[in-house]
Amino acid sequence: MVENRPGLNFFSHALLIIGVAVVAFPVYLTFVASTLTADQVLDAPMRLWPGSHLLENYAHVLQKGAGGAAPLSRLLFNSLISALVIAIGKIAISIISAYAIVYFRFPGRMFCFWLIFLTLMLPVEVRILPTYKVVADMGFLDSYVGLTLPLIASATATFLFRQFFLTIPDELLEAARIDGAGPLRFFWDVVLPLSVTNIAALFVILFIYGWNQYLWPLLITTQENMYTAVIGMRRMMSGGDAATEWNLVMTTAMLTMLPPAIVVILMQRWFVKGLVDSEK
Amino acid sequence: MEKRVIFKNWWLPLLLVAPQLAVTLVFFVWPASQALYGSLFVEDAFGTSSEFVGVQNFLGLFNDGYYAHSFGITVLFSVAVAGLGLGVSLLLAVFADRVIRGARLYQTLLIWPYAVAPAIAGVLWMFMFDPSVGVAAWALKRMGVNWNHLLNGHQAMALVVFAAAWKQVSYNFIFFLAGLTAIPKSLIEAAAIDGAGPARRFFDIVFPLLTPTTFFLLVVNIIYAFFDTFGVIDAVTQGGPAKATEVLVFKIFQDGFKGQDYGGAAAQSVILMLIVVALTVAQFRYVEKKVNY
Numbered sequence: 000m001v002e003n004r005p006g007l008n009f010f011s012h013a014l015l016i017i018g019v020a021v022v023a024f025p026v027y028l029t030f031v032a033s034t035l036t037a038d039q040v041l042d043a044p045m046r047l048w049p050g051s052h053l054l055e056n057y058a059h060v061l062q063k064g065a066g067g068a069a070p071l072s073r074l075l076f077n078s079l080i081s082a083l084v085i086a087i088g089k090i091a092i093s094i095i096s097a098y099a100i101v102y103f104r105f106p107g108r109m110f111c112f113w114l115i116f117l118t119l120m121l122p123v124e125v126r127i128l129p130t131y132k133v134v135a136d137m138g139f140l141d142s143y144v145g146l147t148l149p150l151i152a153s154a155t156a157t158f159l160f161r162q163f164f165l166t167i168p169d170e171l172l173e174a175a176r177i178d179g180a181g182p183l184r185f186f187w188d189v190v191l192p193l194s195v196t197n198i199a200a201l202f203v204i205l206f207i208y209g210w211n212q213y214l215w216p217l218l219i220t221t222q223e224n225m226y227t228a229v230i231g232m233r234r235m236m237s238g239g240d241a242a243t244e245w246n247l248v249m250t251t252a253m254l255t256m257l258p259p260a261i262v263v264i265l266m267q268r269w270f271v272k273g274l275v276d277s278e279k
Numbered sequence: 000m001e002k003r004v005i006f007k008n009w010w011l012p013l014l015l016v017a018p019q020l021a022v023t024l025v026f027f028v029w030p031a032s033q034a035l036y037g038s039l040f041v042e043d044a045f046g047t048s049s050e051f052v053g054v055q056n057f058l059g060l061f062n063d064g065y066y067a068h069s070f071g072i073t074v075l076f077s078v079a080v081a082g083l084g085l086g087v088s089l090l091l092a093v094f095a096d097r098v099i100r101g102a103r104l105y106q107t108l109l110i111w112p113y114a115v116a117p118a119i120a121g122v123l124w125m126f127m128f129d130p131s132v133g134v135a136a137w138a139l140k141r142m143g144v145n146w147n148h149l150l151n152g153h154q155a156m157a158l159v160v161f162a163a164a165w166k167q168v169s170y171n172f173i174f175f176l177a178g179l180t181a182i183p184k185s186l187i188e189a190a191a192i193d194g195a196g197p198a199r200r201f202f203d204i205v206f207p208l209l210t211p212t213t214f215f216l217l218v219v220n221i222i223y224a225f226f227d228t229f230g231v232i233d234a235v236t237q238g239g240p241a242k243a244t245e246v247l248v249f250k251i252f253q254d255g256f257k258g259q260d261y262g263g264a265a266a267q268s269v270i271l272m273l274i275v276v277a278l279t280v281a282q283f284r285y286v287e288k289k290v291n292y
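Here the protein sequences line up with chains F and Z, keeping their order. Once you know that position 215 of the first sequence is 214 in numbering that gives the first Met the number 0, the rest is easy, because the numbers rise by one and skip nothing. Once you know that position 102 of the second sequence is 101 in numbering that gives the first Met the number 0, the rest is easy, because the numbers rise by one and skip nothing.
No lab work stands behind these hints: they were computed from the structure. No residue lacks a Cβ here, since even glycine has one placed at the ideal position from N, Cα and C. Among the clues, some could well be false.
[Said to hold, decoys possible] Residues from chain F that face chain Z, not an exhaustive set, calculated with beta carbons under 8 Å:
1. 11
2. 18
3. 44
4. 101
5. 109
6. 111
7. 155
8. 173
9. 177
10. 182
11. 211
12. 229
13. 274
All chains, full assembly: derive it from the sequences and hints.
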């Protein structure tokens, strides 16, 4: 703070509080809707304070689902599995390939490097049709493999690990070699422990990425019990002839937002670091 | 940059890159080349035979009024999302950087929308603005605005822009706040001693120094608006009403999966790939510049 301007300070706080309120309002409204009955939501304008049906709605959605979908507990489980497999899988295959590219000279090294980079830039959205065909031909529709494997390669993670490995002093490797450590030993005992911070930061970002996938699971899941939570919520709304049960849809939205939001808030420090680092 | 000290071994590194290479080849290189290949053919309705047509699919797109329309919609949508998202988050970040106490608290309160899936963000906003049950739609009606995004294309566009920008504010805010914190305080203090007020300092010092961050965020936001907002569009408007919100990614999905026009969809994919590559190159040039500072 350069100078003291009480008026401007007050204004800053006021503006920030308004900003936070505007950002939070849609979620507050969702929460309120998730505590009401279907009729109360339809009674426009909807009341703006919570009702008394919180437990009832949440229990109903978790156990039975809504709009003919499978129970949400099952869908949340699917989301959790795919988010974890995508996050851990991406980190695992990226860290070993970055290690190979940085610490070895092998035929085709630069070719691998550029292939990984150039091709992984293309978002799933751009090449959905042919990717769908590949996965369908392999018989991975409606399976966890199909949900996760095509999304598991990541240029960002490989690049981040490569940049980080380049900053590890060469002396560490020399010392390890003198002590007789081979490549795998060096990776396991030196490189991996040094990378813990980067792994945690990436984990937060990739977990959210995996949890929030939309187009891909929408295409390759047709059985209700293989839907992820986001898809389940989407399918509840286009219920056809029946009117949308907004209170249950909003309950589902709350429950689906909760896990990634908790991850972001609890791991805020890693998350911010991961975001800022991964874009460097 | 290269390591001076390395391991001498040729089969182990190949083993280590193998998983990533396999995934890349099977799910990235092969499908992308299929899109490229498919864009040169026309497939019949049953998918049994295909005929080589050269660049006819591309020419078809250029002559297709809907494609030009979709392109225009996408540009409008991206500019609106990037502009709104960047403007709001810059404003909030500048004031959060100003307050001594509570900057961290405001950050915590503003970053969680990053965790919300685009499709859910869309549903949240759709619920607020639903013509029959939405609170915001009701309030607008009270003020004399007849809100119905199911019928009015402009309103539908505004709604998807709000939902998409809302989700992106948190991401931009984190980068702007980090950028602002990195500006040396001595510069600001020197300007203050010379008699520059807060507004003058912002426009003459802070904003020019934030240009790299702003440019980077602009590219990221445009990429986001082009590709990651599929969920928002699909959940809120499904491209409607009357194709008013049918962005390019949605059109590929619509033509390829619903319309069964594989050749046309593949040609659209190829054009989109070129756009991504161009945007990514722009981003990398920026990164190179930053490294040289």
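To see whether the hints hold, each was checked on the structure:
1. 11: Holds, because the Cβ-Cβ distance from residue 11(F) to chain Z comes to roughly 4 Å (cut-off 8 Å).
2. 18: With a closest approach of 5 Å, the residue 18(F) hint holds.
3. 44: Residue 44(F) check passes; min Cβ-Cβ to chain Z is 4 Å, inside 8 Å.
4. 101: Because about 6 Å separates residue 101(F) from the closest Cβ in chain Z, which is inside the 8 Å limit, the hint holds.
5. 109: At 11 Å from the nearest chain Z Cβ, residue 109(F) fails the 8 Å test, so the hint is violated.
6. 111: Residue 111(F) check passes; min Cβ-Cβ to chain Z is 5 Å, inside 8 Å.
7. 155: With a minimum Cβ separation of about 12 Å from chain Z (threshold 8 Å), the hint on residue 155(F) is violated.
8. 173: holds (6 Å)
9. 177: Status violated, d = 11 Å.
10. 182: holds (5 Å)
11. 211: holds (4 Å)
12. 229: Because about 5 Å separates residue 229(F) from the closest Cβ in chain Z, which is inside the 8 Å limit, the hint holds.
13. 274: holds (6 Å)
Taken one by one, the earlier hints fail for this structure at numbers 5, 7, 9, listed in ascending order.
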